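Visitor: Single-letter residue listing:
2 protein chains.
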Amino acid sequence: MGTHVGDYMSNLNHAIELIKSHHEQYLAELIEFAAIPSISTLSAHKPDMQRAAEWAAQQLKGMSFSNVAILPTRGHPVAYGEWLNVPGKPTVLVYGHYDVQPVDPLNEWLSPPFEPTVRGENLYARGASDMKGNVHAFLKALQSLITSGGLPINVKVIVEGEEEIGSPSLDAFVQEHREKLACDIALNADSGIQKPDQPSLVYGLRGLSYFELWVYGPEHDLHSGVFGGSLHNPAQALCELVAGMHDANGHITLPGFYDKVRVLSEDESSDLAHLPHSDEEWRKMTGAPQLYGEKDYSTLERLGARPTLEVNGLLSGFTGEGAKTVLPAKAMAKISMRLVPYQDDTEIAQQLRDYLEQNAPATVRWELRTISTCSPVLVKRDTTGARAAAAALEETFGVRPVFVLQGGSVPVVSMIQTRLGVDSVLLGFGLPDDNLHAPNEKLHLPTYYRGIEAFTRFFARVGG
Amino acid sequence: MGTHVGDYMSNLNHAIELIKSHHEQYLAELIEFAAIPSISTLSAHKPDMQRAAEWAAQQLKGMSFSNVAILPTRGHPVAYGEWLNVPGKPTVLVYGHYDVQPVDPLNEWLSPPFEPTVRGENLYARGASDMKGNVHAFLKALQSLITSGGLPINVKVIVEGEEEIGSPSLDAFVQEHREKLACDIALNADSGIQKPDQPSLVYGLRGLSYFELWVYGPEHDLHSGVFGGSLHNPAQALCELVAGMHDANGHITLPGFYDKVRVLSEDESSDLAHLPHSDEEWRKMTGAPQLYGEKDYSTLERLGARPTLEVNGLLSGFTGEGAKTVLPAKAMAKISMRLVPYQDDTEIAQQLRDYLEQNAPATVRWELRTISTCSPVLVKRDTTGARAAAAALEETFGVRPVFVLQGGSVPVVSMIQTRLGVDSVLLGFGLPDDNLHAPNEKLHLPTYYRGIEAFTRFFARVGG
Chain W
1 MGTHVGDYMS
11 NLNHAIELIK
21 SHHEQYLAEL
31 IEFAAIPSIS
41 TLSAHKPDMQ
51 RAAEWAAQQL
61 KGMSFSNVAI
71 LPTRGHPVAY
81 GEWLNVPGKP
91 TVLVYGHYDV
101 QPVDPLNEWL
111 SPPFEPTVRG
121 ENLYARGASD
131 MKGNVHAFLK
141 ALQSLITSGG
151 LPINVKVIVE
161 GEEEIGSPSL
171 DAFVQEHREK
181 LACDIALNAD
191 SGIQKPDQPS
201 LVYGLRGLSY
211 FELWVYGPEH
221 DLHSGVFGGS
231 LHNPAQALCE
241 LVAGMHDANG
251 HITLPGFYDK
261 VRVLSEDESS
271 DLAHLPHSDE
281 EWRKMTGAPQ
291 LYGEKDYSTL
301 ERLGARPTLE
311 VNGLLSGFTG
321 EGAKTVLPAK
331 AMAKISMRLV
341 PYQDDTEIAQ
351 QLRDYLEQNA
361 PATVRWELRT
371 ISTCSPVLVK
381 RDTTGARAAA
391 AALEETFGVR
401 PVFVLQGGSV
411 PVVSMIQTRL
421 GVDSVLLGFG
431 LPDDNLHAPN
441 EKLHLPTYYR
451 GIEAFTRFFA
461 RVGG
Chain E
1 MGTHVGDYMS
11 NLNHAIELIK
21 SHHEQYLAEL
31 IEFAAIPSIS
41 TLSAHKPDMQ
51 RAAEWAAQQL
61 KGMSFSNVAI
71 LPTRGHPVAY
81 GEWLNVPGKP
91 TVLVYGHYDV
101 QPVDPLNEWL
111 SPPFEPTVRG
121 ENLYARGASD
131 MKGNVHAFLK
141 ALQSLITSGG
151 LPINVKVIVE
161 GEEEIGSPSL
171 DAFVQEHREK
181 LACDIALNAD
191 SGIQKPDQPS
201 LVYGLRGLSY
211 FELWVYGPEH
221 DLHSGVFGGS
231 LHNPAQALCE
241 LVAGMHDANG
251 HITLPGFYDK
261 VRVLSEDESS
271 DLAHLPHSDE
281 EWRKMTGAPQ
291 LYGEKDYSTL
301 ERLGARPTLE
311 VNGLLSGFTG
321 EGAKTVLPAK
331 AMAKISMRLV
341 PYQDDTEIAQ
351 QLRDYLEQNA
361 PATVRWELRT
371 ISTCSPVLVK
381 RDTTGARAAA
391 AALEETFGVR
401 PVFVLQGGSV
411 PVVSMIQTRL
421 GVDSVLLGFG
431 LPDDNLHAPN
441 EKLHLPTYYR
451 GIEAFTRFFA
461 RVGG
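As given, the protein sequences belong to chains W and E, one line each in that order.
In this text, residue positions in the first sequence follow our numbering: the first is 1, and each later residue adds one.
In this text, residue positions in the second sequence follow our numbering: the first is 1, and each later residue adds one.
Worth double-checking, as some hints may not be accurate.
Since copy identity is lost for identical chains, a pair holds within one copy or between any two.
[Stated by the list, open to error] Distance condition first, Cα-Cα at most 20 Å in a straight line; then the derived SDA-like pairs of lysine to any residue: (1) Lys284 x Trp366; (2) Lys284 x Arg365; (3) Lys284 x Tyr216; (4) Lys180 x Val261; (5) Lys20 x Asn440; (6) Lys195 x Pro105; (7) Lys284 x Thr363; (8) Lys195 x Gly250; (9) Lys295 x Asp354; (10) Lys195 x His277; (11) Lys284 x Pro361; (12) Lys89 x Arg365; (13) Lys61 x Ala362; (14) Lys380 x Thr346; (15) Lys380 x Val86; (16) Lys180 x Val86; (17) Lys284 x Ala362; (18) Lys180 x Glu82; (19) Lys46 x Gln290; (20) Lys61 x Pro432.
Keep in mind that the hints were calculated from the coordinates and are not lab data.
Computed from a prediction, not measured in an experiment: that's the story for all the values here.
Produce the complete structure using the sequences and hints provided.
Guide: Put into structure tokens, the structure is as follows:
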């Protein structure tokens, strides 16, 4: 099965040619993958999770991977396959996820989220960018090299189904399959670049602690005229608690919240200050009337180097059309914090609890439910993998990649760091305006095709 | 059709006997009425509104009322009928509504809201107490007197279908039908008593101004990791605005909100202080851990004599199971104020707008939608109608009624005051623990049967 080392360059050139002539076929395949409504957080979609895992496994089988299997976890399964045909060469563990975010508000989608639709240069579908496009891109990169004479490295692929809910079963899975997953280099494709013409490599990811805060008042909903004025309205009390979590300068008020926040090195600060970024362009992209954030920090610091606390959802009382004069029995906020090194997700949960104990009035009851947590992570910028990724990006885009701290969270990166002792290379091709987790998620097709080429160059070069 | 004046006492006695022997039949009829899901705020229930209006009209026809009709309005229709057979005698306009509140949260109902179910001494159904029970009770009172020889007064009945949404079409309707509705005395049955053994008469109702406040941030939902930290989360901004509407003493902070609030007379303060009331019993009835309210006022003052501001609903972002890491594009709060004499609902809307203009940050946009408004009202305590009602209550319950200020709002009372120049007698038989507007609304059947008798005595005596 192996090929001669001398063939690698001609293999790579052949693979790139192959990719350039197969755009249409790739797009058709990706549309098939993106049409599977694999929403991990909604239990009604359980059969779709299985279908999506099988779709990934089928791809691996199709390119002669061995030991392809749908491996069970406590939650949604993991698709696994390996191509271990060049003994003595390094082994790369490639990570992706086949699950996607929910689609509501559905009425804001211009085309149905699971009927992938091309408009202009983009493919619109839930999961198109996060991250079925990236999964499909690395699969096509591997396939194009295998078809062109073989891979110069050994590869193991895992595609999991719970990233969008915080990968709650994956740590146990990685622990259980430590030997099967052993590797020299890890590639995490759940990532993006700055702009279509500015490639980048992520070296830090924020952690995530996600909670539901419930505030309870009366035992059941009451008539707001008959009882209003005599009770602390739980929706009001919830608003008071949430409002108090930031001060007037945008600082988070949880006791001790900033104690362990890592200060950037001078190099990093300088890199960050020189990244291509315009506050006004960023604002325009969001459509917000003004930017907002922690005082005394730049937008890029706020996005990557500083922790945040966001309200992800609010629900209380009557929310239908018109009027219902109810004094609600309860109110709920979904609240999540993005953590930075060296904050500890366990400590953060306690800090939130401390805040509530100190600030919740005796006129209501409250309950805090932890939905998921994940540690922040930093990866080394000068590993074999990172160097190969930087070279692959420069060759593909014609521009040197910049190193960035990403605001999002990818739980598996710290699991692989802890359990397998390997830092991940974060290489993927989402764009900031892809509407991740939002209506009208899209994938920029020219960037996706370039991404396939960049992955191909990475796999061709990372073996040395 | 008329009967001799001398027959009234024997007619009344006969009617009371009739009532006592027809409990089962009345209950069966009421169950039929309460089974109609006449939810006025939900457009899907439009056919049910027609059915409920027809049910009421059928009852009027069945007891030989004239000119019975379903009269159109801009919204849901009004059932009308008249019994004008004793010329020279006063005319009483009787008001009720056939519409009901929405039923959510549906899963908290022990029996389906439109499958009326008797458990113990109560009938459970949406609208059983508010106010199909009261409508049915005055219809049965009228019927029992007519069957027993005739009414000693003239009667006009209107049963409308929009009370639960603030009676938006009724003012124009009353204006248009001024002559048809002309009367000497008005009876409004949308009311209640303090306890099953403590009758009461309401002489003041709070007004209601109901709004939706929308806060907008980015143009669409964003990934909270990618964008979090750089934008003012609209759910957070909404919480900040709502939290600021009360100060630490429970006072409402809208500029000028208390300027016109009427101070109770010494008599009223003394009456209020002597009403049967226990803070601890009230708290227990609600199930809240503690009472709460405006500092320096008693619970009964807070409930009847002071204005309030309540959050009736909150909605933003992701509210399904589990985690979705979204920075929402918008957040909504339903906010309503209960107003007391002599606050003006138009001025209150402007005060809320002023508050938002002064306090909303430039980092978000906001919009205020008025859903409904209704003025507060005071009625005279010493009219013919009020005296007849007090006598009817005392005779039926064996206890003198107390005069109370009710926390709820009944828009039609001020319309009839303004348009027809008549103060309403507020006589009805709901109880504070009937779960009005809440899951498991119920009607206390012994009180309902007594209510029929009390209405009968009122109609028998109010003619003089």
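Visitor: Which numbered conditions among the earlier hints are violated in the structure presented, ordered from lowest to highest?
Guide: Going through the list in order, the structure violates hints 4, 5, 6, 8, 9, 12, 13, 14, 15, 19, 20 and respects the others.
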